[in-house]
Amino acid sequence: EAQVTQNPRYLITVTGKKLTVTCSQNMNHEYMSWYRQDPGLGLRQIYYSMNVEVTDKGDVPEGYKVSRKEKRNFPLILESPSPNQTSLYFCASSPATATRGEAFFGQGTRLTVV
Amino acid sequence: QQQVKQSPQSLIVQKGGISIINCAYENTAFDYFPWYQQFPGKGPALLIAIRPDVSEKKEGRFTISFNKSAKQFSLHIMDSQPGDSATYFCAAEIRGNYQLIWGAGTKLIIKP
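Protein chains in written order, with our numbering: chain R, 547 to 660; chain W, 70 to 181.
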C-alpha cells in the first residue's frame with residue numbers, strides 16, 4: 547500500500563531534550579516536506595526536500611533540522627525543543643512530475659513539549 | 070503576496086444543503102489550486118484541484134469555481150452529508166516551485 551509513515555504518532559517530551567520524528571514513504575517520491583498544523587493557522591511548511599541531499603527552509607524553520615540521506619526517509623529533528631513547538635506535525639511527499647499540487651500526507655505526530 | 074486567505078473559519082450546514090468555502094489570493098504566479106480534506110486524526114488528502122484556465126471543475130458533489138479576474142476560488146459541496154464533516158484547506162502552487170501555500174482551513178460541520 548502506498549503510504550507515508552510517521553513515527554511516533556504521539557510524543558510528550560521535556561524542554562531541551564533532543565528528539566527525532568521519522569518519516570518514510572514507499573512511493574519513490576522525490577519531493578518531501580514537513581508541516582506543522584496549529585489551530586487558526588492552517589498548515590505551515592517547516593522544511594522541504596527536492597531530492598536526496600537537497601533541503602531548503604520553508605516558512606517556519608527556526609528550531610528544526612532535517613536531513614535527506616535516502617530518498618524514502620526525511621526525519622525532522624528538534625535539537626532543543628521548546629513549548630512553542632507543541633503542535634501537530636505532518637510529513638508529506640509528492641513526485642516531482644506529479645499531478646500538480648497532489649501531496650500525500652502521513653497520519654501526523656502530535657508533539658507536546660512541557 | 071504569498072498568502073491564501075480562506076473563509077469562513079467554521080461553517081455549519083444542514084444535511085442536504087450547499088456548503089461554500091471561499092479563498093482569495095494575490096500572487097498571479099499561482100497556477101494550480103487544490104483543495105484538501107482532513108478528517109480528525111488523519112492527514113489532509115487531495116479532494117479536487119483546478120487550473121486557472123478553467124472556470125469550473127466538478128467531481129461528484131464537489132465543485133470548484135474559479136474567478137481569475139477577482140483572484141478568488143471557492144469549493145461548493147452540493148447535497149452536503151454528515152460524512153462531509155471535516156476541515157477543508159485550499160492551497161495554491163507556483164509552477165515549478167513545488168511549494169504549496171495553504172489557507173488557514175475551514176471546519177465544516179454537517180448537521181443531520
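Rather than coming from a laboratory, the hints here were simulated on the basis of the structure. Cβ coordinates follow ideal geometry from the N, Cα and C atoms, glycine included. Do not rely on the hints blindly, as some may be mistaken.
Claimed, not checked - Below, computed lysine-lysine pairings styled on DSS-like, alpha-carbon distance capped at 27 Å: (1) W:Lys-126 to R:Lys-564; (2) W:Lys-137 to W:Lys-84; (3) W:Lys-127 to R:Lys-603; (4) R:Lys-617 to W:Lys-74; (5) R:Lys-615 to R:Lys-603; (6) W:Lys-126 to R:Lys-603; (7) R:Lys-563 to R:Lys-603; (8) W:Lys-176 to R:Lys-611.
Claimed, not checked - Some chain R residues well away from chain W (every beta-carbon gap over 12 Å; in silico): (9) Gln-552; (10) Thr-561; (11) Thr-566; (12) Ser-579; (13) Gly-586; (14) Val-598; (15) Asp-602; (16) Glu-616; (17) Arg-618; (18) Thr-632; (19) Ser-640; (20) Val-659.
Evaluated hints:
1. Taken as a hint, the Lys-126 of chain W and Lys-564 of chain R pair is broken in the structure, with Cα atoms around 46 Å apart against an allowance of 27 Å.
2. A C-alpha spacing of about 31 Å is found between Lys-137 of chain W and Lys-84 of chain W, which places the hinted pair above 27 Å, so the restraint is violated.
3. Proposed proximity of Lys-127 of chain W and Lys-603 of chain R is contradicted: the alpha carbons are some 35 Å apart, above 27 Å.
4. At most 27 Å may separate the alpha-carbon atoms for a hinted pair to count; Lys-617 of chain R and Lys-74 of chain W exceed this at roughly 33 Å.
5. The suggested pairing of Lys-615 of chain R with Lys-603 of chain R holds, with an alpha-carbon distance near 17 Å, which does not exceed 27 Å.
6. Taking the CA atoms of Lys-126 of chain W and Lys-603 of chain R, the gap is near 33 Å; set against the 27 Å cutoff, the hint is violated.
7. Straight-line distance between C-alpha atoms of Lys-563 of chain R and Lys-603 of chain R comes to about 23 Å, which keeps the hinted pair within the 27 Å bound.
8. For the given pair, Lys-176 of chain W sits about 31 Å from Lys-611 of chain R by alpha-carbon distance, which is inconsistent with the 27 Å threshold.
9. Not every C-beta of chain W lies more than 12 Å from that of Gln-552 of chain R, the closest at about 9 Å, which undercuts listing it as non-interface.
10. At roughly 26 Å, the least C-beta separation between Thr-561 of chain R and chain W is larger than 12 Å, which holds for a residue marked as non-interface.
11. No beta-carbon of chain W is positioned within 12 Å of the beta-carbon of Thr-566 of chain R; the least distance is around 19 Å.
12. Here Ser-579 of chain R does not stay apart from chain W, with its beta-carbon only about 8 Å from theirs, under the 12 Å limit.
13. Separation of Gly-586 of chain R from chain W is inadequate, the least Cβ-Cβ distance of about 6 Å not exceeding the 12 Å criterion.
14. Val-598 of chain R, annotated as away from the interface, keeps every beta carbon of chain W farther than 12 Å; the closest lies near 15 Å.
15. The beta carbon of Asp-602 of chain R sits about 9 Å from the closest Cβ of chain W, which is not more than 12 Å, so the claim that it is off the interface is violated.
16. Against chain W, the non-interface label of Glu-616 of chain R holds: every CB pair exceeds 12 Å, the least being about 19 Å.
17. With 12 Å as the threshold on Cβ separation, the claim that Arg-618 of chain R sits away from chain W holds: the shortest Cβ distance comes to roughly 17 Å.
18. The beta carbon of Thr-632 of chain R is kept farther than 12 Å from every beta carbon of chain W, the shortest such distance being approximately 18 Å.
19. Consistency note on Ser-640 of chain R: stated as away from chain W, yet its beta-carbon is not over 12 Å from all of that chain's, at 7 Å minimum.
20. The claim that Val-659 of chain R is not at the interface with chain W holds, since no C-beta of that chain comes within 12 Å of its own (minimum 21 Å).
In this structure, the earlier hints numbered 1, 2, 3, 4, 6, 8, 9, 12, 13, 15 and 19 are contradicted, and the remaining ones agree with it.
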